[in-house]
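> Here is how the chains run, residue by residue.
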Amino acid sequence: MARPGPALVRAALGVGLILPFAAAAAITLAASFGLLPALGGQAFGLDPWVRLLDQPGLARSVGVTLLAGLLGTALALGLAFGLVFALRGREGRLARLLPPFLATPHAALAIGLAFLIAPSGWIGRALSPWATGWLTPPDWPVPQDGAGLSLALGLAVKELPFLALMMLAALPRLPVVRHLAEGATLGYGAAHAWAGLVAPELYRLVRLPVYATLAFSLSVVDMALILGPTLPPTLPVAAARWLMAPDLALYLPGLAAATLCAGLVALGFLVWWLAERVAAALLRAWLMRGQRAKGSGRVLGFAAAGAGVALALATLSLAALAVWTLAWGWRFPDAWPERLTLQGWQSAGREGIWGLAARTAALGVAASLLSVLCAIAWLEAGTRAGREGPGRIEGAVWLPLLLPQVALMFGLQVIAARAGLAGAAGAVLWGHVLYAFPYALLALAGPWRRLDPRLLQAGATLGAGPWRRLLTLRLPLLRGPLLAAAALALSVSVALYVPTLFLGAGRIATLTTEAVALASGADRRLGATYALLQAALPLLAFALAALLSRKEGA
Amino acid sequence: MKAPLLAALGFAIAAMAQATMALAATWDETLDKARGQTVYFNAWGGDERTNSFLTWADQEMQARYGVHVQQVKLSDTGEAVARVLAEKTAGQTKDGSGDLIWINGANFLSMKEKGLLYGPFVADLPNARYLDLTPGSAAATDFTIPTDGYEAPWRLAKFVLTVDSAREPNPPRSMVALAGWAAAHPGRFTHPTAANFMGATFLKQALVELAPDPRALALPPTDASYAAQTAPLWAWYDALRPNLWRKGTAFPENESALQKMLNDGEVDFAMAFDPAAAAAAVEKGLLPPTVRSYGMAGGSLGNMSFVAIPFDAAHREGAMVLANFLLDPATQAHAQDLRVLGAASVLDPAKLSPAEAAPFAALPSSPALPTAAELGATLPEPHPDWMVRLAADWAKRTAP
Amino acid sequence: MSGLALDAVSLAQPGAAPLFAPLMLTVPPGQVTVVMGPSGIGKSTLLAHIAGVLGPDWVTRGRVTLDGRDLAGVPAERRRVGLMFQDALLFPHLSVGANLAFGLAPEVRGRAARRAAVEEALRQAGMAGLADRDPASLSGGQAARVALMRTLLARPRALLLDEPFSRLDTALRADLRAFVFAHATAAAIPVLLVTHDAADAAAAAGPVIQLRP
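Residue numbers (our numbering), protein chains in the order written: chain A, 1 to 554; chain B, 1001 to 1400; chain C, 2001 to 2213.
The shape of chain A in the complex, shown without the other chains (with noise of 0.2 Å):
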């Protein structure tokens, strides 16, 4: 029986938490042709358009752009399924160790892994000159060489632990014992059984999560910044850069940059499309030989290597942060600091580090909290209307997802404005509780979906209204996934650069825009200081989320 209720509590958040964004989006778009009052550009027009052909290196930058985030959204898938494949039967032990990864934000993953493979960077260092000869560094494009293959390195090794995490969560729904054994009896070792039938209808289950993936990595701006071509950077960058520039004339490019940006991972989209469809072709062609080859396990084994170095990466990343925070005059070919000194925390300390990081971890707590409840608002709207499955709007939630930070900014920014939030910490945290909810929300759905009704209906017959049932039966029976959700939520908060910036109009600081603004100072004691706290309060959420959650199982 449906009732109007809880239709309107989806509709109350769809059009809160979803809407923005597509607004946001027509009004960057109707920018990007003219439609801009302030610069005294009315008038519908091209103009925007033809100045931004004009910029020189554009067709260069959508290029380096598309193949970087193709690569690195590629790499990170083919990784993915080395480490699900090579920790098979141990999925648990997987899913424990990759949420610090997930956790880590992109800058400060970003920061330490440019310091770790430039030609003077740690490991260079390490080998110098003993193994390499080398008295000053060579003179090698790494990072941000031209191609992008450093960004697409970056990439990789940052989403890895997303789409592995991912395909971990959809993989109780195939019967993979049961295809194992049926290889087997059919003569096909392992990795060529897992390769040929479980690995395809698993790349369907995590599909959605993949396209993400290839539209972030279309649309990153701050590890590109920091680990992308420079000469010309990547078109997000680009338009970053032009909607900063100190030439107001370079805004209208800039807008419809900003715009390019969704043409462009439309593109990608197009082009991973096709590739799935020749991909599945060579499979089927690969199955109808039915070679029992040992090639797809060398395969698999050197994708789960791989993982092992990306994630070695990775920790090596943030172990060099955290030697930089106590670094004092670390030169090249030196493998360790001079000597170890606190001046890099204790000016931090003199410049509020500790305030800072209450706040962005008050901003986080309370952006979690409200995104979770909006997602457990959404699903128990979603159960009282007598819904099973997902629905058709719940597929909006993907849409923050989908399209590029930098062509909503502006239209967030009008948005906020206009209500009259414009730099105010209420508009932060709305744009936070923006990019969480969809967050929350799918950390959540799954095992929301999965809790077994029976439960409920049980609980119902005992005389429980939807209230009582809410409150002390689903909720406590989804401490875990609630934990989860709301660890995934801070986290997102905590790693947010650009919403931040633009929606706090600059005035609402968090440890995230001071990482970043310090990253272009020249202190790298200081900067690898903020950027080792930044990293540090998602990993400690996730810590507690496990915590808590374990004390429940005991």
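Treat the hints with care, since some could be wrong.
[To be verified] Computed from the model, here is a short list of chain C residues facing chain A with C-beta under 7 Å:
#1 P2056
#2 L2083
#3 L2089
#4 A2154
In short, the hints are calculated from the structure, not lab data. The beta carbon of each residue, even a glycine, is placed where N, CA and C say it ideally should be.
Keeping the supplied structure of chain A fixed, place chains B and C upon it in accordance with the hints.
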């Protein structure tokens, strides 16, 4: 004879007193309104010393005027400009998000032209009496653009190169000599991208040294003057570029990234618009003690940094009090202290009383700082349109 | 008009034929009526419909009344119809005692009185003193008895049993059956038992209805 003269004098004195009182009265009103306000100061956040200085300024302002100063740390001043623009787009005319912006040159020009600034306000500041505001003077001109009272100066900057003297004891002291050094040491020199202020300044320094007629640079460039004045520059640059780091196919984002590269040993030079920057980095173990900063033999570009108030500032009075505080002789002496900012004073020494000048004489010196001789003369900035065209031209020329 | 009455009740998925022919049935208080039929005929669905926990995507016809009150549109929590599933379905995050207290009718007021009622129920189930146990540590027979006591503590006006003995081995099954029927008869409420086990039907000693398409 005497009586009319005395009368006239008395009248003049009375008028002056009245004018002073009028100023005092409105300034007292400003101070009253400012009390309790929080001034959001949009200032580049990449320099820890500047951040610390502004923290100190906040404490002083609270103690003296009851005004709270909150630094909004930008990674690029353009962010603040874009924000004010977005506010205007949304139809907002008051309660804007920023109150004061650390601004210069092209940003100032575009904000002034788009009507995004409040003013003129500099004449209303009591401490403006310490400035040399005659037309064309450094404090009244920003990149050859008359400030017209829309921005107040607060610190002086000058172009310097920084070299690791352990690796290069006799560094080149002109742009021509620099190209020769780079040819002998390929891959060991670079400059920030010209999209960045520092990188564009490097090109401008070369332009000032190489232009056939430097006087033409004070005027906005025409197509003809641009072609004539920049021809030697681009010939020089085309010869230099293949010898740059990564063969001139990539450039650091700003001078801070370049300083990190100097410390990492990837290059042998850095550059700054602050003669004390390298000395400060040595103090903190971020550069080796062997680095030295120096100016060009024929003089180096220098300019003043300014503060301006957005048209929709929510706390205009507090912003004015802060702008005035920054011009206080005691504040300027504090900022000039090497241990604080090392930023040279913007005040006209001739306008300071002996008591006000004394703190400047008492400031400590450091061997790590360039001497006046090593710094050389200060060259005036070209009109900002030169920088815009240089940056755009550079982007086209270096586009792959 | 006391007891549970079904008047021409039939259930169907939208666009499909009804699961079974319209059902007429009256269960007076204290009587156990048995419903039998092949699997898939909709026995569990029928109980879910009577209890009010059937999903919205069903087309239902006919009337269900309890003690003369039409149950149409009454939410499950206000029907006072107890339902026992094949599995005990004890709430895993609550102790045994808390599971029982969850079911205990709100009319029993005061901490001491409620605690006493729970202890008494446990004693009747032969499990005195186990209030603080984790449900996961109970045996199958114990869990089923706790589930029944939990249902009865809610003071239902009718009891629906959905093959509650099918997961137990033969010896335990007879034992539990006797326990359930004794308590149900003592409560003097109508009982509807769904089963496909002839022994269950025989032990119920009441009318047996065959569901057919």
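> Give me the numbers of the hints this structure contradicts, sorted from smallest to largest.
The structure conflicts with no hint, since it agrees with every one listed earlier.
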